[in-house]
Amino acid sequence: MATKVLMEALSPTMEEGRLVKWLKNEGDQVKTGDVLAEVETDKAVMELVARGDGVLRKRLANEGDSSAVGTLLGVVAAPDEDISALVNAAGPKPVASDTTTQPIGKPADAGDVIAKAKEFEGVTSMPAAPRQSQGEASTPPQERERRGGQRIDTSAHTGSGTATASSARPRSSPLARRLASERGVDLGSVRGSGPGGRIVKRDIEQAPAAAASSHAAGARPARVGDYQDIPLTLMRKTIARRLAESIGPIPTFYLTAEFDMTRVAELRAAMIAQGAEFKVSFNDILIKATATALEQHPEVNAHWTGDAIRQFNRVHIGMAVAVEDGLITPVIFDANEKGLADIAAEARALASRGRERKLKPEEYTGSTFSISNLGMFGIDQFTAIINPPEAGILAIGAVEDKAVVVDGAVVVRKRLRVTMSCDHRVIDGATGARFLQTLRRMIENPLMLVF
Amino acid sequence: MSSFDVIFIGGGPAGYVGAVRCAQLGMSVAVVEREGLGGTCVLWGCIPAKALLESAYIAEKLKKGAEFGVTAGEVKLDYGVAVKRSRGVSTQNSKGVEFLFKKNKITWLKGDGRTTSKNSVTVKSADGKEEKHDARKAVCIATGSRVKGLPQVGLELNKTTVLSSDEALILEKAPKTMAIIGAGAVGCEFADVFAAFGTQVTIIEVARQLLPLEDDDVGAELARSFKKRGITLLTNAKLGDVKIGKNSVKFVVDVAGTKQDVEVEKVLVAAGRAPNIQDIGAKELGVALTERGFIKINERMETSVKGVFAIGDVAGPPMLAHKGEREGIVFAEYLAGQPHVHDVNYGNIPNATYCHPEVASIGKTERELKEKKIEYKVGKFPFSANGRARTSGETEGFVKILSDPKYGEILGAHIIGSHATEIIHELAVARENEFTVEEVELAIHAHPTLSEAISEATLDSLGKMIHA
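First to last, the sequence lines map onto chains H and G. So the first sequence is numbered by the working numbering: it starts at 1 and just counts up by one. So the second sequence is numbered by the working numbering: it starts at 452 and just counts up by one.
Just so you know, the hints here were simulated from the structure itself, not pulled from any lab data. Hints may contain errors.
As the list claims (entries may be wrong) - Pair ranges (Cβ atoms, derived):
id: 1; chain 1: G; residue 1: V829; chain 2: H; residue 2: A349; range: 48 to 56 Å
id: 2; chain 1: H; residue 1: R441; chain 2: G; residue 2: L913; range: 26 to 34 Å
id: 3; chain 1: G; residue 1: P602; chain 2: H; residue 2: N313; range: 29 to 37 Å
id: 4; chain 1: H; residue 1: N313; chain 2: G; residue 2: K569; range: 20 to 28 Å
id: 5; chain 1: G; residue 1: A671; chain 2: H; residue 2: H424; range: 41 to 49 Å
id: 6; chain 1: G; residue 1: E750; chain 2: H; residue 2: F377; range: 31 to 39 Å
id: 7; chain 1: G; residue 1: Q711; chain 2: H; residue 2: N313; range: 37 to 45 Å
id: 8; chain 1: H; residue 1: N313; chain 2: G; residue 2: T900; range: 38 to 46 Å
id: 9; chain 1: G; residue 1: I895; chain 2: H; residue 2: V323; range: 52 to 60 Å
id: 10; chain 1: G; residue 1: E750; chain 2: H; residue 2: D407; range: 46 to 54 Å
id: 11; chain 1: H; residue 1: D428; chain 2: G; residue 2: V703; range: 31 to 39 Å
id: 12; chain 1: H; residue 1: E356; chain 2: G; residue 2: A739; range: 30 to 38 Å
id: 13; chain 1: G; residue 1: K569; chain 2: H; residue 2: E356; range: 22 to 30 Å
id: 14; chain 1: H; residue 1: D428; chain 2: G; residue 2: K857; range: 27 to 35 Å
Here the structure is a predicted model, which means the values were calculated and not measured. We treat Cβ as the ideally placed atom computed from N, Cα and C, and that holds for glycine.
Isolated chain H, as found in the complex:
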């Protein structure tokens, strides 16, 4: 039985992927679960596995090619099976929309696939035509009847009914479709978080209204001359899209405060003196303190969802980590409830796996508030850009010895400047300031953390 090798949505926000490397050659025997290829998503390099047993009969994508989720990349089948219908139907673009309606991970039934491929025979040369008319032209009345509901549905909810073969209609719930059509959200621009990647209500609520559909524009060739074009990696594209989304519609303001780190430094020194297993960084302590402070300030530990402010009872801290060609924000879940040892170990592990681009999607999604630290680069103060839909991010500078006045005398103290970027739709000036007050109390009296 033939099984299609499809570009799968390997991360929640993935819209396309780049085939980095084939790990199996045409003619190789493969079993379900075998790694066929490495795929670069917008976040990481991940493995694409076989969904059926057989021989990798055909590789349809070249190494380095980017393709949309759902694109046919290859075919696994029995050695003597006729796969020509499948391969022909693939053409230059994926086999129209029906491929993506197949739940991810469920191997397609060969008979089913071939029947569908036949249905589209003769029209593959016009991939941009609306797919409904193709269906009507070549399907028997009974088949048309069966698909009727879906047809009405599509035109009613996408409005135009001009879904093209290259932007197949994504799976979505009826409620999500209704919300999307009311709010002018293009379903093609939304990544589904429901079962099997289905678009559900929360995805529409989190999508910016009337989001422009993202163009999967091909990389422009570099030119020799007075400037150089660097092709965008998928990660760079995602960073650009996310950050532009952020600085545009988010009315941001900044609050800066300087904390005395003397006691934190003493605490850290005392712990390190106890042995290597107690080694914690300033950053670990700051994560713990921020999380504990957030627990007391749910109004800051919040998301802007478009039509509501979602305050969280649990604290999941996103921790910006610089990687070779970008950044990623792995999450320390329930950081307020974890001990320093756990936070230190987890932060180290997440950062190093982030740099190796081995983080799983669930490890870098779900944060309620984020921290970005450039102290190690000697930056004493900066502003960070909010990671939407979060309402705030804390930018942490370097811990420095400074002359300060204490009780009328000039003394040298360890000081730290932090700047919180706040989404004013969620956090008002005084709200943010009160949060920083709590955080200052924790940092300047670290024993509060065990209280």
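Keeping the supplied structure of chain H fixed, place chain G upon it in accordance with the hints.
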């Protein structure tokens, strides 16, 4: 000493279902359980209570037999026989779970379990012997909950005159008079059972309606029905001056300042359940609890101690078997590293009360929507206008659907009436998949069925009801 991938402490619905799923996913599994398999649900809750309710249903139905052209001879009611049948059903179900254990090669460790470290459990058997077992991947606490009585008002459970549901399930005969404290699901179900078996029942509830967590209209409808059957209802009621005698209990009930003396043969305490967290080693390990004393868990069912998990009643409300079962499954799938695990959707768990008329609901009540200032539309259809309900002579109740006026999202659904607990699932499926009232209505409903009332209620939401 043996070694397993996972050890469950507790073989109730959460524990045994989690164990089966773990075994299916290739893990070696043991379940510690001192009593029979199946837990409170199978032995002392859902199953035996439903068996008694069926007896009650037949008793009530026979009273109307003549109307249907069926006149039975003298109808004799024998609670003892009903109890015997109920116990038989429980045993059958428990044996069924034992069979599932054998089929899935799950080890039953008989005795009391206690976590002695993150990856070991000590089991104390009935003869006092202790044995330690290793749990390589996870220890999962599924110890459930128990009735705690109301010692704060002087109603300490004594198994003779002040009973919990455990004793009520094995009474030899129905008492002449009984006061039921608490009009939640358990209270209302036992009121139904004992009233059917001839007991003069008085329900005492501190909140303002029967089934306080259900929609107000539902509480009112049930009250009407219960009153018709001669059950005395005292809501907004406070209880005091409790005097426990040898063969009776006396107390004073205060309803809005008016006091009345009550004397009954038995009191059934149907309020207050507490999680079983004593003597299971959770505290010693430092497992964090919620304010209400349940074990805190995350979406993977993990507690504050890595490697130690909790599911079911002990891990927090709603204390429902089906919630525990799903937590067991989700726990197993995360542990096995399955892709695309569907997290427990705590906002979409159906409630079911099996008294007659039955009550079932899902989602928010009208009261909650008002409090949260969420806009809504009511679609309602009475069973008195439903053909199938008329044929069976069970026309009490209605279907009420609360939907978003703009998008038709089903915010809540409330059914009171015959077989409500069966037909609610159409709406559970609809909500889980985000169908709106329109999609529910688009599906053709067979005629004549009770489910047509759901279809009509959705039509009402859309302003196009046909049959009323």
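Comparing the hints with the structure gives:
1. Between V829 of chain G and A349 of chain H, the C-beta spacing of about 52 Å keeps the proposed range 48 to 56 Å intact.
2. Hint check: R441 of chain H to L913 of chain G, Cβ distance near 55 Å, so the stated range 26 to 34 Å is violated.
3. Distance hint check for P602 of chain G and N313 of chain H: the Cβ-Cβ separation is about 32 Å, which falls inside the suggested range of 29 to 37 Å.
4. At about 26 Å, the CB distance of N313 of chain H to K569 of chain G agrees with the hint of 20 to 28 Å.
5. In this structure, A671 of chain G and H424 of chain H meet the distance hint of 41 to 49 Å, their C-beta atoms being roughly 46 Å apart.
6. The hinted window of 31 to 39 Å between E750 of chain G and F377 of chain H holds, with their beta carbons roughly 36 Å apart.
7. A hinted range of 37 to 45 Å for the beta carbons of Q711 of chain G and N313 of chain H is consistent with their spacing of about 43 Å.
8. Distance hint for N313 of chain H and T900 of chain G: a CB-CB separation of about 42 Å, consistent with the stated range 38 to 46 Å.
9. Checked against the hint of 52 to 60 Å, the pair I895 of chain G and V323 of chain H passes, with Cβ atoms roughly 55 Å apart.
10. Roughly 50 Å separates the CB atoms of E750 of chain G and D407 of chain H, a value that falls within the hinted 46 to 54 Å.
11. A hinted range of 31 to 39 Å is violated for the C-beta pair D428 of chain H and V703 of chain G, which are about 53 Å apart.
12. Between E356 of chain H and A739 of chain G the beta carbon distance is about 33 Å. The supplied range of 30 to 38 Å therefore holds.
13. Between K569 of chain G and E356 of chain H the Cβ separation comes to about 28 Å, which falls inside the hinted range of 22 to 30 Å.
14. Checked against the hint of 27 to 35 Å, the C-beta distance between D428 of chain H and K857 of chain G comes to roughly 29 Å, which is consistent with it.
Comparing the model with each numbered hint stated earlier shows that hints 2, 11 do not hold.
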